[in-house]
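Here is what each chain is made of, one letter per residue.
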Amino acid sequence: MKRIHIDREACKACKNCIIACMLQHSEAESIHNLNLTDINNQARNKIVLNNNDEVVPLFCRHCRDSECLTACMSGALSRDKKTGHIICNQKQCVGCWMCVMSCSYGMVMPEKASQERTLKCDMCGDDQPQCVENCPTGAIKVIELDMKEKVIK
Amino acid sequence: MKYVIIGSSAAGISAAQNIRQLDNDGQITILAKDDEIYSRCMLHHFISGERSRDQLRFIDDEFMKEHNINWEPGTKIIEVHESNKSIITEKGLEIPYDKLLIATGSSPVIPSIPGLRTGKQIYTLRNLKDAQKIKEASRKKTKVLVIGAGLVGVDTAIGLVSQNIDVTLVELGETILPLQLDKTAAKIYEDLFIKQGINIKTNSKVSEIILDNDENVKAAIINNEEKIDVDLVVVATGVQPNTSLVKETDIKVNDGIVVDECQQTSIKDIYAAGDVCQSYEVFNKEKMLTPIWPAAVKQGEIAAYNMVGIECELVNNFAIKNSMRFFGVSTISYGLTEAPDDNYQIETQNNANTYQKIIHQNGIIKGAILMGDISNAGVIGRLIRDEIDISGYLNNIFDLTYADFFSQTKEGKFNYNLS
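Protein chains in written order, with the numbering used here: chain A, 241 to 393; chain B, 5 to 423.
Pulled out of the complex, with its shape left as it was, chain A reads as follows:
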């Protein structure tokens, strides 16, 4: 399974990853006509300042022991059999927010525009995620995990 590894200190908060995520999930053809103020263009990743005013870029882990998937009562969240990633089928989501309640990292979020469906990282299908593709400092990179060894609790 592919996962995004974060090198916090290398991040300069240029927000290229955020814009890349917005563009990937928008109707806009290119960055030139991407409307950054339209709430429909919501990024699935974040760059947040911590208590020491340091920059921390955050991306969904697609956890092996995923609390969001466990919490989903509608069947909207599922683990893709091929890629191992946790995908939200927004048509099935009822916005009960049990996934939001359960994600310890705040990476499963309400869709801002509708406020009635969950939004989360989909790793851009199984291609190179656009956030990683557009990071100029190498702060994020894709690593490969062995999904066969299931973690025993």
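No lab work stands behind these hints, which were simulated from the structure alone.
Glycine included, every Cβ here is placed at the ideal spot set by N, Cα and C.
Just to be clear, a hint being listed does not mean it is correct.
To be verified - Keeping only pairs whose Cα atoms sit at most 30 Å apart, straight-line, the calculated DSS-like set for lysine-lysine is:
1) A:K331 / B:K137
2) A:K352 / B:K191
3) B:K199 / A:K321
4) B:K414 / A:K321
5) B:K417 / A:K252
6) B:K370 / A:K352
7) A:K352 / B:K199
8) A:K242 / B:K417
9) B:K414 / A:K242
10) A:K331 / B:K69
11) A:K352 / B:K417
12) A:K352 / B:K187
13) B:K417 / A:K322
14) B:K137 / A:K381
15) A:K331 / B:K37
16) A:K322 / B:K414
17) A:K331 / A:K352
18) B:K133 / A:K331
19) B:K139 / A:K331
20) A:K381 / B:K414
21) B:K414 / A:K255
22) A:K331 / B:K199
What the hints assert, rightly or not - A partial selection of chain A residues facing chain B, derived with a Cβ cut-off under 7 Å:
23) R243
24) H245
25) N290
26) R301
27) A311
28) M341
29) S342
30) C343
31) V382
32) I383
33) L385
Guided by the hints, dock chain B onto chain A, whose structure is given.
Structure of chain B alone, referenced to chain A:
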């Protein structure tokens, strides 16, 4: 190996799925009272017409086939014979097991109010059949009384009012959702519900349901004084675990079937998970009922591991939490909703669209209500669950994010950095 699972909701399905992942050859049978698989948490969306019956399913249509599960719907189990290692169906059929999981859930409690147990148009909302009956009856009836303003009662009232049905919601407590919210948050919802046409009567008790000679519901008496016309009643005053099938056994039952950290009951090879069981809850630090969906799924998974012989224990069983969304206003709450005494500090933050409250004691968060903006709620939930000391962060307690605790393994797994 013969695995038998009783119940096909969150815990039962989760267990079956995990057993199949761990044991390719074992024989898995699921027996359930229900005729089909559906998410109980979505029944109110069926009443309101937002979801069709098919859209209430939380697993793929092919789930049973894909997982090679023998699925026996419409089968009620009335007895467990621990000495024979078998269970008995209502029709008298005996089914043997090597490992048994009891995931029978819970059933609504009907309080002893005159008329409530005999009236014809009295319903509860627990099963798809209940939802179908309420939906059907509400097409003809126009005045509905909902007794109990917990999550089920509120969901039902909203589902019905959206059908232009006259709904009165009666609650014994001082405010609606007394277990999930504090008074301030509850009031915000009450005002909103009233605006949407729901009649709310808090601090109120239904004293009697008045029936006609044919036991049709005619009216309700509230607080022994006020009479309101109703023709349909939905009772949502709580549930109790379905434990009757083990009453002749030595399986230990308190509020629910008592299980150990491996989800095993007091009898070997018999496990229990979900609403029916009583397990160790980390926030209250005692064995109690933990009747929320995420806990049921996790307990089913832990049971599965142990049933196939891989020992593993349930950890982080934190179930004192709720999430809700009513008329577009979202709230998540964890732990305490009110401070029990003066030894707690309370922080609140209000603006036009949000109400947030955090209760803490000696640097440990003991409760939170996050209404309006819920985007970082999960972080607060984790801090409560793990009793993480946030003394150093009290100045910006409402701005806490995972960035404040960021730490990552070389495999990119997140941990909470507590330095």
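Verification of the hints:
1. A:K331 / B:K137: 26 Å, holds
2. A:K352 / B:K191: 25 Å, holds
3. B:K199 / A:K321: With Cα atoms ~46 Å apart, K199 of chain B and K321 of chain A exceed 30 Å; violated.
4. B:K414 / A:K321: Holds, because 24 Å separates the two Cα atoms, which is no more than 30 Å.
5. B:K417 / A:K252: Roughly 22 Å separates the two Cα atoms, so the pair holds.
6. B:K370 / A:K352: The hint holds at about 29 Å.
7. A:K352 / B:K199: 24 Å, holds
8. A:K242 / B:K417: 12 Å, holds
9. B:K414 / A:K242: 13 Å, holds
10. A:K331 / B:K69: The given pair, whose Cα atoms are some 24 Å apart, holds under the 30 Å limit.
11. A:K352 / B:K417: 27 Å, holds
12. A:K352 / B:K187: 27 Å, holds
13. B:K417 / A:K322: 20 Å, holds
14. B:K137 / A:K381: 54 Å, violated
15. A:K331 / B:K37: 29 Å, holds
16. A:K322 / B:K414: 23 Å, holds
17. A:K331 / A:K352: 16 Å, holds
18. B:K133 / A:K331: 24 Å, holds
19. B:K139 / A:K331: 23 Å, holds
20. A:K381 / B:K414: 12 Å, holds
21. B:K414 / A:K255: 24 Å, holds
22. A:K331 / B:K199: This hinted pair holds, its Cα atoms lying about 29 Å apart.
23. R243: 4 Å, holds
24. H245: It holds, given that the least Cβ distance between H245 of chain A and chain B is near 4 Å, below 7 Å.
25. N290: 4 Å, holds
26. R301: 6 Å, holds
27. A311: 4 Å, holds
28. M341: M341 of chain A check passes; min Cβ-Cβ to chain B is 4 Å, inside 7 Å.
29. S342: 6 Å, holds
30. C343: C343 of chain A check passes; min Cβ-Cβ to chain B is 4 Å, inside 7 Å.
31. V382: 9 Å, violated
32. I383: 6 Å, holds
33. L385: Status holds, d = 6 Å.
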